[in-house]
Amino acid sequence: MYKVNTAEEAVRRIPDGAVLMIGGFVGIGTPQDLVDELVRQGKKGLTLIANDTARPNVGVGKLIDAGLVSKAIVSHIGTNPVTQKQMISGVIEVQLVPQGTLAERVRAGGSGLGGVLTPTGVGTDAALGKQTIEINGIQYLLETALKADFALIKARSADYSGNLRYSLTSRNFNPLMAMAADFVIAEPDEIVPIGCIEPDAVVTPHVLVDLLIAKGATL
Amino acid sequence: MNEKEIIARRVAQELKSGTLVNLGIGLPTMVASYLPAGLDVAFQSENGIIGMSALPDPGLAGSNLTDAGGTPAGALPGACAFDSAMSFALVRGGHLDVTVLGGLQVDEEGHLANWMVPGKIVPGMGGAMDLVSGAKRVIVAMTHTAKGEPKILKKCSLPLTSVRRVDLVVTELAVIEPTNNGLILREIAPGYTVEEVVAATEAELLIPVPPAFMKLDQAAVR
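Listed in order, the protein sequences are those of chains A and B. At the far end of the first sequence sits residue 218, using numbering that gives the first Met the number 0, and the numbering has no gaps. At the far end of the second sequence sits residue 221, using numbering that gives the first Met the number 0, and the numbering has no gaps.
Since the hints were derived computationally from the structure, they do not count as laboratory data. Note that the coordinates shown come from a computational prediction; the quantities given were computed from them, not determined experimentally. Heads up, the beta-carbon is just placed ideally off N, CA and C, and yes, glycines get one too. Be a bit skeptical, because a hint or two may be false.
Keeping only pairs whose Cα atoms sit at most 20 Å apart, straight-line, the calculated SDA-like set for lysine to any residue is [what the hints assert, rightly or not]:
{"no.": "1", "chain 1": "A", "residue 1": "Lys214", "chain 2": "A", "residue 2": "Glu189"}
{"no.": "2", "chain 1": "B", "residue 1": "Lys153", "chain 2": "B", "residue 2": "Ile183"}
{"no.": "3", "chain 1": "B", "residue 1": "Lys154", "chain 2": "A", "residue 2": "Gly122"}
{"no.": "4", "chain 1": "B", "residue 1": "Lys119", "chain 2": "A", "residue 2": "Ser88"}
{"no.": "5", "chain 1": "B", "residue 1": "Lys119", "chain 2": "A", "residue 2": "Met86"}
{"no.": "6", "chain 1": "A", "residue 1": "Lys214", "chain 2": "A", "residue 2": "Pro192"}
{"no.": "7", "chain 1": "A", "residue 1": "Lys146", "chain 2": "A", "residue 2": "Gly16"}
{"no.": "8", "chain 1": "B", "residue 1": "Lys214", "chain 2": "B", "residue 2": "Thr142"}
{"no.": "9", "chain 1": "B", "residue 1": "Lys135", "chain 2": "A", "residue 2": "Tyr139"}
{"no.": "10", "chain 1": "A", "residue 1": "Lys84", "chain 2": "B", "residue 2": "Lys119"}
{"no.": "11", "chain 1": "A", "residue 1": "Lys129", "chain 2": "B", "residue 2": "Val162"}
Cβ pair distances, simulated, as ranges [what the hints assert, rightly or not]:
{"no.": "12", "chain 1": "A", "residue 1": "Pro204", "chain 2": "B", "residue 2": "Glu2", "range": "46 to 54 Å"}
{"no.": "13", "chain 1": "A", "residue 1": "Val38", "chain 2": "B", "residue 2": "Leu205", "range": "55 to 63 Å"}
{"no.": "14", "chain 1": "A", "residue 1": "Gly44", "chain 2": "B", "residue 2": "Thr178", "range": "50 to 58 Å"}
{"no.": "15", "chain 1": "A", "residue 1": "Leu141", "chain 2": "B", "residue 2": "Val208", "range": "47 to 55 Å"}
{"no.": "16", "chain 1": "B", "residue 1": "Ile183", "chain 2": "A", "residue 2": "Leu127", "range": "30 to 38 Å"}
{"no.": "17", "chain 1": "A", "residue 1": "Asn56", "chain 2": "B", "residue 2": "Leu54", "range": "19 to 27 Å"}
{"no.": "18", "chain 1": "A", "residue 1": "Lys2", "chain 2": "B", "residue 2": "Asn1", "range": "51 to 59 Å"}
{"no.": "19", "chain 1": "B", "residue 1": "Val208", "chain 2": "A", "residue 2": "Lys84", "range": "46 to 54 Å"}
{"no.": "20", "chain 1": "B", "residue 1": "Ser32", "chain 2": "A", "residue 2": "Pro204", "range": "39 to 47 Å"}
Bound-form chain A, shown alone (with noise of 0.2 Å):
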């Protein structure tokens, strides 16, 4: 199945509001040209889950600098002080979440899974209104999973139907996020004939990627 199209067009299904996860770590992984579409088109009132908001003007700091983000559910913010000042001033609202923690949610939307225990955080403020289960004597807390509408997708290579393989560490949290979202646009660097990827390099199966978009490609 064919499934090319261009940034514009790809974003343009994205609703004002809509939960988007997106790949990156420190803007490393981003999909740059999707992040770029969506400040130009200027999605509003987003809620974004994402490792990090990256640094002003570098990733998904743009839909920070832009004040496109209402919600932002990452592990840090320290790289980024619009975010620090947007939090403060109550523009948006940030829930903080231990990155292992971030990558067992989103692997649990994914994968069917109510979510995780993790002996991550018990006694400390990431505890706070979540549930401790404990088994075999080891404190866990009790943490969700998260889902979104679409996912936002880096990765090195594509085939035509799909499958993706990524490159050293941009791949971090895209193979997870490309299974925790209704709808997902993969941003490859390019896209070579089916086949091309072997089978047992390819990360994450054509079947969870909706739509690819190529560099410059005006169809």
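Using the hints, position chain B against chain A.
Here is chain B on its own, set in the frame of chain A:
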């Protein structure tokens, strides 16, 4: 030798061959520069790689390989890359031997606070809560005081990173081991007296007679 170099050199002596180590952003990252020659340590970066190496040569930095601070990094032959769920499964699952993190405060129970100052800076915990909860050994690498104020306190006033007791605290003045009985002053830096270390510390220190001096000349600069 400035205070950060003293801390990094001393922490480097704690690392052993054949272990997997995670170095936090900032001061802890410097530890890799002072590893004793011949030591075979694998470094994990929580953004998804084991086998991270120092900055690549000029011109070789790539957009798909950075450290956890977003700075371009290198990878050694045999390096392996993975997603964030695998990365933190390694951290929590008993596969990470040592984590070295910075700190804002440590207290008499060995509790670490290093992720927020309410009302001032709220960087977020990033991977710190997972690392402190999950690593087999937690080493805090931090300056002994901040603007003259002690950071080693009777009780942390800032939100805790974990209720797990850290294993070792290394500052430019001292090496301190949190135990069931309290904080033991294991070593003091050359040029300092026990009295000076005690004066810079709010927490009560258990002091063996005499505490050793830090040996900083054993580390070879790579």
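Do the hints match the structure? See the list:
1. This hinted pair checks out: Lys214/A and Glu189/A have alpha carbons roughly 8 Å apart, not beyond 20 Å.
2. Under the criterion of a C-alpha separation no larger than 20 Å, the hint pairing Lys153/B with Ile183/B is consistent with the structure, at around 13 Å.
3. Of the supplied pair hints, the one linking Lys154/B and Gly122/A holds, its CA atoms being roughly 15 Å apart against a limit of 20 Å.
4. For the hint linking Lys119/B to Ser88/A, the alpha-carbon distance of about 12 Å falls within 20 Å, and the restraint holds.
5. Only pairs whose Cα atoms come within 20 Å are accepted, and Lys119/B paired with Met86/A is accepted, the gap being roughly 12 Å.
6. Annotation: proposed proximity of Lys214/A to Pro192/A holds, straight-line Cα distance about 16 Å (limit 20 Å).
7. Between Lys146/A and Gly16/A the CA atoms are separated by roughly 15 Å; this keeps the pair inside 20 Å, and the hint holds.
8. Straight-line distance between C-alpha atoms of Lys214/B and Thr142/B comes to about 18 Å, which keeps the hinted pair within the 20 Å bound.
9. Distance restraint check for Lys135/B and Tyr139/A: the Cα-Cα separation of roughly 18 Å lies within the 20 Å cut-off, and the hinted pair is therefore satisfied.
10. Of the pairs offered as hints, the one joining Lys84/A and Lys119/B holds, with about 10 Å between alpha carbons and a cut-off of 20 Å not exceeded.
11. Using a Cα cut-off of 20 Å, the hinted pair Lys129/A and Val162/B holds, with the two alpha carbons roughly 16 Å apart.
12. With their beta carbons about 51 Å apart, Pro204/A and Glu2/B fall inside the hinted range of 46 to 54 Å.
13. At roughly 57 Å, the beta carbons of Val38/A and Leu205/B sit within the given window of 55 to 63 Å.
14. Taking 50 to 58 Å as the suggested C-beta distance range, the pair Gly44/A and Thr178/B conforms, at roughly 51 Å.
15. The hint said 47 to 55 Å for the Cβ distance between Leu141/A and Val208/B, and at roughly 49 Å that hint holds.
16. Our hint of 30 to 38 Å for Ile183/B and Leu127/A holds, since their Cβ atoms are close to 33 Å apart.
17. About 23 Å separates the C-beta atoms of Asn56/A and Leu54/B, a value consistent with the hinted range of 19 to 27 Å.
18. About 56 Å separates the C-beta atoms of Lys2/A and Asn1/B, a value consistent with the hinted range of 51 to 59 Å.
19. Separated by about 52 Å at the C-beta atoms, Val208/B and Lys84/A satisfy the suggested range of 46 to 54 Å.
20. Roughly 42 Å separates the CB atoms of Ser32/B and Pro204/A, a value that falls within the hinted 39 to 47 Å.
Going down the numbered hints, you'll see the structure goes against none, and every one checks out.
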